[in-house]
Every structure is written in structure tokens, then in C-alpha cells.
Amino acid sequence: MLAEFRAKRETERVRVEAKYQVLGFISSGTYGRVYKAKAKKTVKSADGEEKELVYAIKKFKPDKEGDIHTYTGISQSACREISLCRELRHQNIVSLQEVLLEDNSIHMVFEFAEHDFLVNNQHERKPIPEFTIKSFLWQLLNGVAYLHANWVLHRDLKPANILVTNDGVVKIGDLGLARIYERPLQPLFNGDKVVVTIWYRAPELLLGSRHYTKAIDIWAIGCIFAELLTLRPIFKGEEAKMDNKKNVPFQKNQLTKIFEVLGKPTKDQWPTIDQQPEYHNLSGFRSSPNRLHEFYQTCSSKSDAGYELLAAMLGYDPIMRITAEEALHHPYFEEEPTPSMDSFEGQPYQYPSRAVKSEDNNMRVPPTVPSAVQGQAGATHGGTRGKHGHNGKDEGRPPKRRG
Amino acid sequence: MAANFWTSTHGMHWLLSRQALAECRKVDLQYVKEQELIKVNIWFAQIITELGRKLSVRQVIIATAITYFKRFYTKNSFRNTEPNLVAATCMYLACKIEESPHHIKTVIAEMKGIINGGSFPYDNQKVAEMEFYLLEELDFNMIVFHPYRSLMTLAQDLGTKNEDVQWAWYIINDSYRIDLCLLYPPHVIAAAALYLQIALKGGAQYGDYSLTSTTSNASNSGAAGGVTTRGARRGASNNAGNVNETPKVKDIRLWFAQLNVDSEQIIDIVQEIISLYELWNEYSEEVKSNGFHELLSRLLNR
Numbered sequence: 001m002l003a004e005f006r007a008k009r010e011t012e013r014v015r016v017e018a019k020y021q022v023l024g025f026i027s028s029g030t031y032g033r034v035y036k037a038k039a040k041k042t043v044k045s046a047d048g049e050e051k052e053l054v055y056a057i058k059k060f061k062p063d064k065e066g067d068i069h070t071y072t073g074i075s076q077s078a079c080r081e082i083s084l085c086r087e088l089r090h091q092n093i094v095s096l097q098e099v100l101l102e103d104n105s106i107h108m109v110f111e112f113a114e115h116d117f118l119v120n121n122q123h124e125r126k127p128i129p130e131f132t133i134k135s136f137l138w139q140l141l142n143g144v145a146y147l148h149a150n151w152v153l154h155r156d157l158k159p160a161n162i163l164v165t166n167d168g169v170v171k172i173g174d175l176g177l178a179r180i181y182e183r184p185l186q187p188l189f190n191g192d193k194v195v196v197t198i199w200y201r202a203p204e205l206l207l208g209s210r211h212y213t214k215a216i217d218i219w220a221i222g223c224i225f226a227e228l229l230t231l232r233p234i235f236k237g238e239e240a241k242m243d244n245k246k247n248v249p250f251q252k253n254q255l256t257k258i259f260e261v262l263g264k265p266t267k268d269q270w271p272t273i274d275q276q277p278e279y280h281n282l283s284g285f286r287s288s289p290n291r292l293h294e295f296y297q298t299c300s301s302k303s304d305a306g307y308e309l310l311a312a313m314l315g316y317d318p319i320m321r322i323t324a325e326e327a328l329h330h331p332y333f334e335e336e337p338t339p340s341m342d343s344f345e346g347q348p349y350q351y352p353s354r355a356v357k358s359e360d361n362n363m364r365v366p367p368t369v370p371s372a373v374q375g376q377a378g379a380t381h382g383g384t385r386g387k388h389g390h391n392g393k394d395e396g397r398p399p400k401r402r403g
Numbered sequence: 001m002a003a004n005f006w007t008s009t010h011g012m013h014w015l016l017s018r019q020a021l022a023e024c025r026k027v028d029l030q031y032v033k034e035q036e037l038i039k040v041n042i043w044f045a046q047i048i049t050e051l052g053r054k055l056s057v058r059q060v061i062i063a064t065a066i067t068y069f070k071r072f073y074t075k076n077s078f079r080n081t082e083p084n085l086v087a088a089t090c091m092y093l094a095c096k097i098e099e100s101p102h103h104i105k106t107v108i109a110e111m112k113g114i115i116n117g118g119s120f121p122y123d124n125q126k127v128a129e130m131e132f133y134l135l136e137e138l139d140f141n142m143i144v145f146h147p148y149r150s151l152m153t154l155a156q157d158l159g160t161k162n163e164d165v166q167w168a169w170y171i172i173n174d175s176y177r178i179d180l181c182l183l184y185p186p187h188v189i190a191a192a193a194l195y196l197q198i199a200l201k202g203g204a205q206y207g208d209y210s211l212t213s214t215t216s217n218a219s220n221s222g223a224a225g226g227v228t229t230r231g232a233r234r235g236a237s238n239n240a241g242n243v244n245e246t247p248k249v250k251d252i253r254l255w256f257a258q259l260n261v262d263s264e265q266i267i268d269i270v271q272e273i274i275s276l277y278e279l280w281n282e283y284s285e286e287v288k289s290n291g292f293h294e295l296l297s298r299l300l301n302r
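From first to last, the protein sequence lines are chains B and D.
The first sequence begins at 1 in UniProt numbering and counts up by one.
The second sequence begins at 1 in UniProt numbering and counts up by one.
Wrong hints could be hidden among the right ones.
[Said to hold, decoys possible] Pairs of lysine-lysine, PhoX-like flavour, derived with a Cα cap of 20 Å:
(1) B/K8 / D/K126
(2) D/K26 / B/K8
(3) B/K236 / B/K267
Keep in mind that the hints were calculated from the coordinates and are not lab data.
With the hints as extra help, turn the sequences into a complete structure.
Given below as C-alpha cells:
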């Protein structure tokens with residue numbers, strides 16, 4: 001009976017390589033690999049020209065159980081990402097073209113974006129024009145406001161996950177950790193003990209909060225904004241490793257980095273701070289002044305409104321932290337230069353593209369030097385199964401989110 | 001999406017017409033009659049519910065699993081597939097999507113317990129493979145809306161007492177035995193369940209509860225006649241104590257009129273549920289007398 005059904009399905013199934021030609025390898029992570037590909041069928045544009053359509057294909061690795069390759073269905077991470085991508089539709093969220101199944105692997109076909117927020121900061125480190133930074137930030141907030149209006153938390157915002165098309169349109173990618181938080185059946189903490197890559201992780205998460213909110217995404221955006229301004233992560237801490245009993249360790253070093261810039265939080269700034277599970281650990285820190293303004297003065301931007309917006313996104317109390325919707329209406333975006341949906345509009349400056357390794361264009365075999373480009377383009381998948389260690393001295397490349 | 005039903009894949013792609021649904025069932029209807037096919041659907045909804053109870057999952061997860069199952073069978077026939085395998089796979093996927101994952105082995109073990117080992121000869125690989133097929137048939141649309149949330153909102157607005165809401169909740173659970181989740185938006189099903197609960201209770205405190213003068217008799221007498229129902233049976237014991245209470249409730253007819261839902265749809269749903277309860281009694285008898293299993297063998301040809 002099943003044989004008949006299977007035969008019917010298999011004949012209908014489209015082979016990935018029948019439809020797409022792989023152009024090269026983009027990035028890899030614990031979840032699998034991302035390739036650049038073009039559709040074999042071209043389309044005719046309005047002016048009659050043949051147009052090639054380019055995509056990013058994310059190929060998930062089948063789950064492993066110990067050393068045996070027993071396939072137990074699609075991973076929680078793929079499940080989340082596919083289900084959310086199917087529902088979401090927004091200019092600033094990367095759009096999912098289709099999903100194909102082949103060789104026990106899920107292939108998600110996304111629209112392709114040439115750039116991301118990381119590549120410049122990692123390699124060239126050319127200061128980004130204020131117009132471009134502001135347009136990036138506004139569009140990022142615009143996409144996140146849409147996610148939040150739909151009760152979706154992203155939970156892994158960081159430069160590598162924010163893509164930009166050739167037309168300067170920001171596309172938020174990698175929804176593998178995202179989830180709906182409206183009246184969840186389980187507390188958010190129960191599903192994933194650790195969320196958000198350490199450098200972008202909000203203080204309430206670092207202090208063990210179980211019932212966090214969309215404010216965690218705003219903190220990450222604050223960190224990203226600072227990084228666009230200075231081309232360096234603002235809070236570049238080292239992640240304390242999880243012990244064998246899977247207890248979540250106290251992230252002392254990361255908090256130290258935050259306190260160096262923002263000062264040790266006071267009860268005035270964050271009235272419920274003493275209710276945080278890890279509050280007792282704060283007694284070891286000396287109180288320190290807030291130096292965010294000094295920090296900002298070293299940036300390329302001289303806008304006071306820009307400073308105020310940054311400070312509002314990096315507010316300690318999650319309840320008081322600015323929301324995405326409020327941030328979109330912040331005076332910073334009304335000042336010249338005002339943001340545009342084309343972040344590169346009229347800019348002489350050439351923003352660098354993501355690397356595509358064309359010698360690695362076989363999806364069936366691992367790329368030759370996968371580690372060289374890790375950290376780009378949504379490479380932190382794997383939720384609670386992350387195995388990759390991280391080298392804190394590795395300049396510019398953010399560590400993997402571990403759990 | 002999550003905030004707006006009408007822009008969700010559920011609202012855009014998974015509300016079918018009755019004609020479309022009838023078209024989907026042509027193959028199976030060669031072997032069984034329409035009423036019999038409803039009984040088959042009750043049977044598998046029961047299996048999924050039972051599996052959900054064994055796994056101690058929330059009602060919403062059971063509802064999602066049954067919805068997947070029903071969506072799968074809008075594109076396939078029972079005759080040419082393995083419904084027990086599909087049922088277990090639907091539960092496995094529903095647990096994942098609702099963020100309460102269970103190990104594939106656990107789901108299989110519980111399923112074997114429910115339908116005597118022999119009729120569930122599937123292992124991890126088979127269920128995992130089926131999951132792929134299921135995802136394709138669902139067109140990867142996995143987020144499902146349910147009437148439960150709307151029910152709570154509506155009941156709060158109407159001023160319904162908790163035990164009454166509980167009763168409407170049971171009616172919604174029962175509604176997954178039939179095709180309502182493929183035909184109507186969840187908030188309309190919720191409104192209908194609330195209406196039915198009020199009608200069944202003869203809720204004098206809500207004022208005149210007939211929606212329209214022409215149909216009121218039909219639905220009232222139908223309701224009164226069909227009180228031997230699942231939901232109703234459970235709710236009946238709650239009734240006695242409440243008679244003298246006069247909670248602040250709105251005039252029910254006025255309230256439904258303001259709801260901005262099509263009252264004809266509500267009446268259709270109410271009547272479907274009442275027919276379900278009548279058919280369900282017949283079905284229960286046939287399960288006991290083995291008549292149902294002959295029917296199932298005839299359909300599945302094994």
C-alpha cells in the first residue's frame with residue numbers, strides 16, 4: 001500500500017539539481033550548508049530580456065544519533081524555520097521560494113542576497129556611510145517590528161544573519177531559532193536553554209530570565225547598530241562553556257564587557273533586577289559609570305538622536321527598553337540623511353559581497369575548507385546541538401551560539 | 001499570520017468548499033458510503049486523540065494532529081495509504097510544531113499500545129519517511145489556528161461562566177471528528193460551539209437564543225433530541241447548580257448579531273455537530289458489535 005503511494009510521490013518529486021544549478025558554497029554550520037544557485041529556467045523580464053534567477057539553497061544535514069545514521073525526521077530547527085517562513089511575508093524578511101526533499105535532506109530555497117551585515121566588518125572594515133547605516137537600521141527595525149506584531153521572536157539577531165540585496169534592501173534571515181511567543185504551551189526557557197549568540201545576548205538572558213520578551217531582539221539590534229558604527233562588536237565577551245550536566249553557566253565575562261560600557265545596572269535603572277535568577281552573582285562586580293556617551297563619540301556618527309536611540313535600545317530594564325515600533329518613529333530617522341529602502345542609493349562606496357566559493361559546487365560533498373567562511377550567513381544553526389568551539393581571539397568572527 | 005488568521009496559510013489555502021471536499025473523496029466513496037466514511041474519520045480522530053492522551057500532550061496538539069490528518073486526506077484516499085502510519089506521523093509532527101517534541105520511538109511505542117502491535121508494523125525510518133510525505137502534502141503549511149482561543153475571547157465578552165465555557169470546549173474537541181476544521185474559520189466554529197452550549201442548556205438567562213425565527217425550531221428541537229452527546233454528557237452534571245444564578249450576561253441574539261459572523265454558517269455548524277452526535281452513537285454500537293471493523297476492512301481492502 002505504502003509502496004504505491006511512495007511511487008506516486010517519487011514520480012512527482014522534483015530533483016534539486018534538475019531545477020537548480022549550484023554556483024558555489026556560501027557557508028556552513030551545525031545545521032548544514034548554504035549554497036548559491038541559479039534556476040535552470042530563465043524568465044523573461046518586462047523588456048524582453050532573459051533574466052537569471054539566483055537563490056540561496058540551505059541544505060539541512062540529516063540528524064545524527066550517536067554514530068549511527070538513524071533518521072528521525074526533520075529537526076526542530078528546520079521545522080520552526082519552514083513553518084514560520086511559510087507564514088511570514090514582508091519586504092525585510094528573507095522570502096522562502098520553496099522546500100525540496102531529497103536524500104533525506106530538506107533543501108530550503110531562499111531568495112538570494114549578495115551582502116550581509118558581517119562581511120564588511122570582518123574583512124574590509126571600511127567605515128559605512130551614515131545614510132547606509134541608518135537605512136540598514138531602519139529596515140532591520142521594520143522587519144523586526146513585523147515579526148513582533150505577529151508574535152514572533154527571532155532570538156538570533158546578529159550581523160551574519162542580516163542579509164542585504166544588491167538593491168540595498170535588508171532581509172532578515174535565519175529563523176531557525178525563531179518562535180511564536182503568544183501564550184506558548186511551554187515556557188520559552190524550557191525549549192531552548194540558550195538563545196542568541198553571546199555578544200548579542202540581552203542582560204536579562206545573561207541573568208537567567210525564564211520569561212523573556214521581544215525586548216531581547218531589541219538589545220541585539222542595539223549591539224548591531226553599535227557594530228555598524230564602529231565596525232567592531234560592542235560587547236565582545238567570551239562565553240563560559242556549559243558543563244557536562246548541561247547546567248547553564250553564569251556568563252561573567254560577557255556581563256563584564258557590558259558593564260564596562262554601560263556601567264553596572266542599578267535598581268533605579270532596572271527595578272526588578274533583584275528578581276533575576278542570577279542576581280546574587282552581581283555582588284562580585286564593582287559599580288561602574290555609564291560610558292556609552294564616550295563610546296559613541298568615538299563613532300563615525302555625530303548625531304545626538306542616534307546616541308539617544310542607541311541608549312534606548314541598550315536600556316537595562318527590558319520593560320523600559322524601546323520597542324521596534326517606537327524605534328521606527330525615533331527622531332534619528334527624521335534627521336538628514338533620512339533612511340531609504342535602498343541603503344546603497346547614490347553611494348559611491350562599494351559595499352562588499354559575501355564570498356561564494358565556486359570550486360565547491362557539489363551539494364553532496366562537504367566543501368574543501370568549510371571553516372574559512374564559517375560565521376557568515378546564518379551559520380549558527382543547531383540550537384542545542386552546537387558542537388563547534390570558539391576561539392575568543394579570532395578577530396571579527398562571532399562565536400557560535402552554543403547550548 | 002500569527003496575529004491575523006486571514007493572511008495565514010490556514011486562512012488562505014486550507015478553507016475548502018464542500019464541493020472540493022466531496023471531489024477529494026471520490027476514490028474512497030467507491031468502497032463505502034458517505035456516512036460510513038464519516039465513521040472512519042471518527043475512528044482515526046479517536047486514535048489520534050488516544051495517542052495524544054498517552055503522550056500527555058495538550059488538547060491543542062491533538063487538534064493540530066487531527067487537522068494535519070484531515071488535510072492529508074484531502075489529497076489522498078484511505079484506500080491507497082496507511083492511515084495508522086499517517087495518524088502517528090501527524091502526532092509526531094504536531095508535537096514538534098507546537099514546541100513539545102516527543103521522541104519518534106515514544107510516539108511509535110504508544111501507537112503500538114493503542115492498536116495492537118500487529119497493525120502498526122512501522123519503525124523510525126518509516127515514520128520519518130512518512131513525515132516527509134506529510135510535509136509535502138501539507139505544502140509545508142504547519143501553523144494551524146484553532147477555535148479554543150477565540151472561544152475564550154468570545155466567552156469573556158459574553159460573560160459566560162467557566163463551567164459553560166468548559167462545555168463549549170468539549171464541543172470543540174468533538175468537532176474535530178468531522179470536517180469543520182477544513183470548512184470554517186476557527187472563530188466561527190468557536191461561536192457555534194458557544195451557541196450550541198447555550199441552546200443545549202436551554203439558557204434562559206441569555207434571553208431568546210434563537211438566531212432566526214425560521215431555524216430556531218429546527219435547531220432547538222434537534223438539540224433537545226440529541227442530548228445524548230459526548231460533550232453534553234460531560235457537561236450535564238454541571239447544570240443543576242447554576243439555575244438560580246443570574247450572571248451578567250448579554251442578550252444572546254443581540255450579541256451574536258454584533259459578532260460579525262455569518263449566522264447561517266453558525267447554524268450549519270450547529271446542525272453538523274448535532275448530526276455528528278447522532279451518528280457517533282450509531283458508530284459506538286458498531287464498534288462494539290464489530291460492524292465497524294468490517295467496514296474499515298472493506299475500505300482499506302485488507
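Right, here's what the structure says about each hint:
1. Only pairs whose Cα atoms come within 20 Å are accepted, and B/K8 paired with D/K126 is accepted, the gap being roughly 16 Å.
2. Between D/K26 and B/K8 the alpha-carbon distance is near 18 Å, which keeps this suggested pair within the 20 Å criterion.
3. Our distance criterion of 20 Å between C-alpha atoms is broken by B/K236 and B/K267, whose separation comes to about 25 Å.
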